[in-house]
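Colleague: Read off the chains here:
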Amino acid sequence: AQSVTQLDSHVSVSEGTPVLLRCNYSSSYSPSLFWYVQHPNKGLQLLLKYTSAATLVKGINGFEAEFKKSETSFHLTKPSAHMSDAAEYFCVVSAGYGGATNKLIFGTGTLLAVQP
Amino acid sequence: EPEVTQTPSHQVTQMGQEVILRCVPISNHLYFYWYRQILGQKVEFLVSFYNNEISEKSEIFDDQFSVERPDGSNFTLKIRSTKLEDSAMYFCASKVTGDSNQPQHFGDGTRLSIL
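Read top to bottom, the protein sequences are chains A and B.
Note that our numbering has the first sequence beginning at 1, numbered continuously upward.
Note that our numbering has the second sequence beginning at 1001, numbered continuously upward.
These aren't lab readings, by the way, just hints derived from the structure by calculation.
There could be a bad hint or two in this list.
Unchecked claim - Simulated crosslink set (SDA-like; lysine to any residue; CA at most 20 Å straight-line):
no., chain 1, residue 1, chain 2, residue 2
1, A, 49, B, 1002
2, A, 49, B, 1100
3, B, 1057, A, 3
4, A, 42, B, 1041
5, A, 49, B, 1008
6, B, 1042, A, 40
7, A, 42, B, 1044
8, A, 69, B, 1101
9, B, 1042, B, 1096
10, A, 42, B, 1024
11, B, 1078, B, 1037
12, A, 42, B, 1008
13, A, 49, B, 1096
14, B, 1042, A, 5
15, A, 42, B, 1042
16, A, 42, B, 1100
17, B, 1057, A, 101
18, A, 42, B, 1101
19, B, 1042, A, 69
20, B, 1042, A, 95
21, A, 42, B, 1037
Unchecked claim - Here are a few chain A residues that sit away from chain B, every Cβ distance over 12 Å (derived from the structure):
no., residue
22, 7
23, 22
24, 26
25, 52
26, 64
Just so you know, these numbers come straight off a predicted model, no measurement behind them.
Quick reminder that beta carbons are idealized off the backbone N, C-alpha and C, glycines included.
Bound-form chain B, shown alone (with noise of 0.2 Å):
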């Protein structure tokens, strides 16, 4: 069956710095989206993208971050400058419309670690 792929699993970052998530969404879908997960909390949104645009965003996701999807395959979360209080698991969900009804594929998460 198709996977959402996520890349690194694991990132220990210095505080300050960027850092890129990366995502492979199953290959048919068009809908993206990042949550996040800090330890203890509830799963959040962060931002959701459909045709090369970004289509919501939550509060949290400020200036300081960023979606891309540089090619067909890829979608990609960025970091501009890192603060202690984005370490928190990152993942990487696609569906293949619009409908609400359908469910969203998660990948297994990118953990961030900021130092």
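Pulled out of the complex, with its shape left as it was, chain A reads as follows (with noise of 0.2 Å):
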């Protein structure tokens, strides 16, 4: 079964700083993996995603994450943090090759707090 963990609940960085968000994923064949990024009182927006073309992925708002197979994670970093990426970020596995199912499966999340 497909299965993500993120390790921190919270992360909190100072503006300008590196961000390092932690995910670990089980999956018995190649994964489909996501970051979501969901702000207050808004929906869940697509960051980037892992697809297996590239292992480093680049996606919006100078976000990257590294696939690295060896080590089960797809960990989500930016260079500089600014105080709009304080939000909730979630690392997500599709579930299944493909069809008519391809549920997602959550980790638990990781708040992200910049301080000024």
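Hints in hand, dock the two standalone chains.
Modeller: Take a look at the structure:
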């Protein structure tokens, strides 16, 4: 079965410093992995996706993630945090190869706080 | 950019009452989903819908829940007799193909409060 584990429930950084949000996955085959962001009282916005074309994936707002099969990790990074990055971030894996289901399995989320 | 829209944004209902949550998926999308997020908990899958039928449902999606695509644009989630534990944020999502690489696009959610 597919699963993801987000290693930190809360991360606090200062504005202008790097961001690292950690995610480990479990999958019996090559996974489809995503990072979504949820700002307060808003929906889930796709940041980036991994689909086996490249191990380093660039997303919106300067975020990127690196797929490391040997470590079963898909950590999210950003070189320099901005106040507007404060939100909850979800690591997500798609269940199944394809077809009519492909439900998403969410991690527990990491709440990112950015201090001025 | 096309969006998934959900109405209402907030619904307050008495326990035992029926509630219908509405979603308009992106127009060329064919696969539809409902998820829920109880306050302080992770986002959970409820049901997936394709070709006018349920393709998968979770254990949460019991006989009190139903989904429908009554016309070419709306996708609804009905809870027949609400319970206190149904209080949650409900998200609708859609995607264009069944490819697992394709991301799902989410609406802003409906916050359901059961009194």
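Colleague: Against each hint, give a clear statement of whether it holds in the structure.
Modeller: We went through each hint and held it up to the structure:
no.: 1; hint: A:49 to B:1002; result: holds (19 Å)
no.: 2; hint: A:49 to B:1100; result: holds (11 Å)
no.: 3; hint: B:1057 to A:3; result: holds (18 Å)
no.: 4; hint: A:42 to B:1041; result: holds (16 Å)
no.: 5; hint: A:49 to B:1008; result: violated (29 Å)
no.: 6; hint: B:1042 to A:40; result: holds (15 Å)
no.: 7; hint: A:42 to B:1044; result: holds (17 Å)
no.: 8; hint: A:69 to B:1101; result: holds (17 Å)
no.: 9; hint: B:1042 to B:1096; result: violated (25 Å)
no.: 10; hint: A:42 to B:1024; result: holds (16 Å)
no.: 11; hint: B:1078 to B:1037; result: holds (16 Å)
no.: 12; hint: A:42 to B:1008; result: holds (13 Å)
no.: 13; hint: A:49 to B:1096; result: holds (15 Å)
no.: 14; hint: B:1042 to A:5; result: holds (11 Å)
no.: 15; hint: A:42 to B:1042; result: holds (15 Å)
no.: 16; hint: A:42 to B:1100; result: violated (24 Å)
no.: 17; hint: B:1057 to A:101; result: holds (9 Å)
no.: 18; hint: A:42 to B:1101; result: violated (24 Å)
no.: 19; hint: B:1042 to A:69; result: violated (25 Å)
no.: 20; hint: B:1042 to A:95; result: holds (16 Å)
no.: 21; hint: A:42 to B:1037; result: holds (13 Å)
no.: 22; hint: 7; result: holds (14 Å)
no.: 23; hint: 22; result: holds (16 Å)
no.: 24; hint: 26; result: holds (15 Å)
no.: 25; hint: 52; result: violated (8 Å)
no.: 26; hint: 64; result: holds (16 Å)
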